[in-house]
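**Student:** Below, each chain spelled out in residue letters.
Protein chains: 2
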Amino acid sequence: MKVSKLLTKTQKQDPSLEVSTNAKLLVRGGFVDKLGAGIYTYLPLGLRVIEKIKNIVKGEMDNIGGQEVLMPGLQPKESWEKTGRWQVPEMYKIKDEDYGLGWTHEEVVTPIAQKFLNSEKDFPKSIYQIQTKYRNEPRAKSGLFRGREFIMKDMYSFHLSQEDLDNYYEKVKEAYFRVFERCGLKDFTYYTLAAGGAFTESFTNEFQTLTDSGEDIIYICDKCKFAMNKEVKADKCPECGHDVFLEKKSIEVGNIFKLGTKYSEAFNFKMQDKHVIMGCYGIGISRLLGTIVEVFHDEKGIIFPKTVAPYDIYLIDIKSNGEAEKVYEMLQGEGYEVLFDDREKTPGEKFSDADLMGIPLRVVVSEKTLKEGAVEIKKRSEETIEMVKINEINNFLKEC
Amino acid sequence: MKVSKLLTKTQKQDPSLEVSTNAKLLVRGGFVDKLGAGIYTYLPLGLRVIEKIKNIVKGEMDNIGGQEVLMPGLQPKESWEKTGRWQVPEMYKIKDEDYGLGWTHEEVVTPIAQKFLNSEKDFPKSIYQIQTKYRNEPRAKSGLFRGREFIMKDMYSFHLSQEDLDNYYEKVKEAYFRVFERCGLKDFTYYTLAAGGAFTESFTNEFQTLTDSGEDIIYICDKCKFAMNKEVKADKCPECGHDVFLEKKSIEVGNIFKLGTKYSEAFNFKMQDKHVIMGCYGIGISRLLGTIVEVFHDEKGIIFPKTVAPYDIYLIDIKSNGEAEKVYEMLQGEGYEVLFDDREKTPGEKFSDADLMGIPLRVVVSEKTLKEGAVEIKKRSEETIEMVKINEINNFLKEC
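First to last, the protein sequences are chains A and B. Take the position in the first sequence, starting the count at 1, then add 169; the result is the number in this note's numbering. Take the position in the second sequence, starting the count at 1, then add 169; the result is the number in this note's numbering.
Incorrect hints may have been included.
You can't tell identical chains apart in this list, so a pair holds if it fits in one copy or across any two.
What the hints assert, rightly or not - Below are the DSS-like pairs computed for lysine-lysine, each with C-alpha atoms no more than 27 Å apart in a straight line:
no., residue 1, residue 2
1, Lys227, Lys475
2, Lys340, Lys284
3, Lys262, Lys246
4, Lys246, Lys342
Read the hints as simulated data drawn from the structure, not as lab findings.
Just chain A, same shape as in the assembly (with noise of 0.2 Å):
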């Protein structure tokens, strides 16, 4: 993609009513739009990262045997009456409708499930989507961290045992893991015990992220790195006894439950006289976003995990007389994803547009590169700037 076409452009100044880094960023880096509070536009560079943080989740879900469907948002009242759920304050409702709108799926899975798993060897069963939902937030001035509508992961699996139940749990928790590694997050990112919510009573695990703007405190146990919440935190850490614990700031990325027979109780759905086990587990595609920026960024701007990020080389063409736009072609050709910035613009406006989106490598072919038949090549992580030969270029990127 030529900068010169792209719908969007950045913007120097903090937009005046955002008050998280994470959409500050993604505002002036033109990667979201605010419709409202809690309400965000993808735009095309921010659609491009939420496709790929979709795409990582859907593989590790699909590698565990999740099957992927599409639920609807609007959900009939008489569903939520079954679970006693319909006057839960998160929940929008339609004016002068028996309907609201979902903030989970319980409601619709749970007889979905009934519908098809009809004999013992229909299970276990994993079902997930990821899909659009609203929640009225009564606060939502975190940017992607507390939408009003948000796209979410949720995942429900179906048992007849509690060891069934507990086998897949763990199965899910180290596919959750490989998200968050694939997604940069691994070293931030925290398994913790938390109290249970809305959605069962026993207690659940969440996976924190560490970042200085989370709305969470999680209490890491400063021996073993066993993690909780504020909810449960206990004098001994459980794992080892020990009794010094690191309070860090964080933000929730994950959450996995074991929700027992809580709905197929509500929906009398059985096998052999015995309700059906389940389990629940979301992930944040939305709130993601917002936590890769707030995790990786500096002053300049969005310092995106290869893996995630829009685009993977920044080309920027400083009276190269064509040169830059060969050497575009030559990038695509050999599969990379490339944002050209073609602009007439100062090759000081360049780099910081450059810095702001945060994309990976930044390539530059100018007169001055060029005079050694080279291009300059710099990570957005590091300082350095590499002079490499053209015909050196596809060797090089290999390596990065």
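Starting from the known structure of chain A, arrange chain B on it as the hints suggest.
**Tutor:** Relative to chain A, chain B alone:
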């Protein structure tokens, strides 16, 4: 995917609450599940078809310079008051909140374009999304033809002159024909002159696919194939002057509008003191799924065109003693998408499921075929069954 592992099962009986053929077959085949009138879950098979249709549409929109975004469903009242459309009956409104649910996106996309298109050289631009829409539909009895929640591709273009819009409009028209051609619908789809609606007051154009279950009626000139809707029915063909028309039932699968300055005036979106000129272009993605099923089915079930089929091959194991599993792996290795019926069911049950699901090619591995070192291959759309030697399967399939 092995049928034994698939979430869904087929149903022999028509679902009691469906009257339309598309919904009956899609429910029976396990493609969709009905949550309420006009509200469906896309099950794994259905979602695969939806994804294929989306990819075709996306490719063609990218090809004419469309830039993909994802706009919110939840939309503030104030945007809709600017255009005078807050009170339209189509809009679901949120109870106790100043939000409605988007049934179209002019109110969101126009301010976005206004934000980024601020010099002459930023024009023209074309912005599209594939997104879930909500519409308060009093009659929602036609399965995927008319949803209260549905998936739509909507594109909006912005121009500085009528001529530029006119030129782009023709490009979109051609792209739409390619979409319908790639979905197998070319021979059934007419480009019609239609009356404007809530969008514009001038004439518009629709793409109407002939089907007896369609909700619209179109008039096709018996001589030159010019087509028009009931609302604009002239006595003589405006193209050739002929006065005999064929009356046909059809379903609108796409529409394109010249919006003019209606929305740029509402948002005061000007360039050089003149209001920007807009076009808008819709394709119903979920409606296309319904349309394909209406057009392509017989008494046994669906007959998917191969471009949008959920799988390429339905592979049936009839006591093959493990040989079918080898063919399954071979076919997957060759890049085919295979649904492998490994269940302990009678051949008849497997054949009827293959027919119902409408997968283009059926491959049978049985004791009988193995005696000749072969498999049986049958196209869903033809009666002929061919014996193909196992080592010639791949070459044979390449010809299909």
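**Student:** Does each hint fit the structure? Answer for all of them.
**Tutor:** These are the hints, each one checked on the structure:
Proximity of Lys227 to Lys475 under the C-alpha cut-off of 27 Å is found in both arrangements, the shortest distances being 18 Å within a copy and 24 Å between copies. For the homomeric pair Lys340 and Lys284, the shortest alpha-carbon distance inside one copy (25 Å) is at most 27 Å, but the shortest distance between copies (46 Å) is not. Taking the shortest Cα distances, Lys262 and Lys246 sit within 27 Å of each other both inside one copy (9 Å) and across copies (16 Å). In this assembly of identical chains, the alpha carbons of Lys246 and Lys342 never lie at most 27 Å apart, being 33 Å within a copy and 42 Å across copies at closest.
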